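Trainee: Use the sequences and the hints to build the structure in full.
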Amino acid sequence: MAKRIDVSGLSAYYGSVRAIEDISLTVEPRTVTAFIGPSGCGKSTVLRTLNRMHEVIPGTRVEGKVMLDDVDLYGAGIDPVAVRRTIGMVFQRPNPFPTMSIYENVAAGLRLNGVRGKSDTDGIVEQSLRGANLWNEVKDRLNKPGMGLSGGQQQRLCIARAIAVSPDVLLMDEPCSALDPISTLAIEDLIAQLKNEYTIVIVTHNMQQAARVSDRTAFFNIEGTGKPGKLIEIDDTPRIFANPSQRATEDYITGRFG
Amino acid sequence: MSLSHPSPIRKAKNTAAMAAMGLALVVALIPLVSILWTVILKGAKDFNAYFLTHSMRNVAEQQDSGGAYHAILGTLEQVGIAAAITIPLSLLVAIYLVEYGRGRLAQAVTFFVDVMMGLPSIVAGLFILSFWILGLGYQVSGFAASLALLILMMPVAIRSTEEMLRLVSPALREASYALGVPKWRTIVKVVLPTALPGIVTGMMLGIARIMGETAPVLLLVGAANSINGNPFSDPQGSLPLFVFNESQNSLQAAIDRGWAAALTLIIIVMLLNLFARLIAWWKAPAAAR
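The listed protein sequences derive, respectively, from chains F and S. The first sequence begins at 1 in our numbering and counts up one residue at a time. The second sequence begins at 1001 in our numbering and counts up one residue at a time.
It is worth saying that the hints were derived from the structure and are not from the lab. Any given hint could be a false lead.
Said to hold, decoys possible - Below are the DSBU-like pairs computed for lysine-lysine, each with C-alpha atoms no more than 30 Å apart in a straight line:
id	chain 1	residue 1	chain 2	residue 2
1	F	Lys144	S	Lys1283
2	S	Lys1189	F	Lys144
3	S	Lys1183	F	Lys65
4	S	Lys1283	S	Lys1189
5	F	Lys65	F	Lys227
6	F	Lys195	F	Lys139
7	S	Lys1283	F	Lys139
8	S	Lys1189	F	Lys139
9	F	Lys144	S	Lys1183
Please read these numbers as outputs of a predicted model, since none were measured by experiment.
Mentor: Right under this line is the structure:
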């Protein structure tokens, strides 16, 4: 289950533009790590390199190492598709599959990967929906379209879909930025529960959220437009918010810029 | 400046624009309605079960008898074959263009699809005539007509499918990739089902277009008067061609048959359209229903 991520010397490019430069950080198993920083600082790009989603966009490339326990995800012979099965992802906007029901959405990862067996799937779907705190709300309408749910429910459906393939790590790219405060609270509670089983990395623009949900916080910044994003520091969350070692971090979290 | 009443100039502009739009709508509807009206009015006389189930075999032009069965059968077979070849091919080409195509080859394919889009149908007919019949020595047949028709349907089908696939949000593809689903499965299980209603509509537009094509059929099908169910050998009938031939005649009986055949053609195209809409509705993303 939950695994450690070790990033070293990571740079990522869009065409010839370097988006992030020389990132090194460690994410411990069964912890929540928050990535914070101003827009365009590359925190989402870092997140997307962790499950090799960065390279889905044509013309992109990655340098450096991402170790998942003792496997280099960018090593020779590593299949990006298998990597993504191991490291799940939840996106900024809820994106359930519009042609599928609630049940089918949760089962999508299994079905699309060719796993068969009806009774097994039923169990996994229920377990995943329970895991995403959505089961009680949808158990009577599993065959209704996933798009019929509210935004917050859709996002929890996407989380259920992500954990249904039992990944080792869960990446969340601003999972609450399109949601109202109540749905946000529901997701944050869920993150606190999921931490017991998964390694979680969450990108957020909401610093209170980072303070609430994360054990460790990484602050990213850019010197200016066109410059690559860099990791300024990563530390235990209380320390980052109370007593950061870098001036830029303090400026950012106290709202003096960004 | 008053906040309570729109200025008279703006009001006048608004009224003028509304009137212009209304007028344009009426002008656009005139030909459509009058075509339908005329065809129904004149075609209804001969349009009956006898007409739909009998051919023109041994029917003299002046006789108030005969039917379009041979032509309906011919058109359905020719268009059916053309569609059966075009739909999978154009689906694959569109998938290539949207999901894989980068660089020169994709640009070239897009360019030639655009060029083919404007290809006059008579040129497609002449091409098959010179290549298939004069060049390779095959006889006129329904299949020869199918070949010309598929050339005409292909660009329409590719272009519309391409547009529909491009409309599928990249977020859905990413959601699928993030579950560890390979690209091809993502295309088959997520992208295609999402785009399906639009693709079906586009294909039907293509089919409707070629169903009424007369020029290539005129050159290739041989214009048989009797029933020939085999599109691969011997001349066949064809509805648009039947309409053309009958309307060239000065005898009233022939002209009546022409109108009835025109009505039949319109009804078939409308039924296909209805069918396509049904599929599109049935397969539409559930929330959109």
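Trainee: Each of the hints needs a verdict: does it hold here or not?
Mentor: Checked hints:
| no. | hint | in the structure |
| --- | --- | --- |
| 1 | F/Lys144 x S/Lys1283 | holds, 14 Å |
| 2 | S/Lys1189 x F/Lys144 | holds, 19 Å |
| 3 | S/Lys1183 x F/Lys65 | holds, 24 Å |
| 4 | S/Lys1283 x S/Lys1189 | holds, 13 Å |
| 5 | F/Lys65 x F/Lys227 | holds, 21 Å |
| 6 | F/Lys195 x F/Lys139 | holds, 24 Å |
| 7 | S/Lys1283 x F/Lys139 | holds, 24 Å |
| 8 | S/Lys1189 x F/Lys139 | holds, 25 Å |
| 9 | F/Lys144 x S/Lys1183 | holds, 27 Å |
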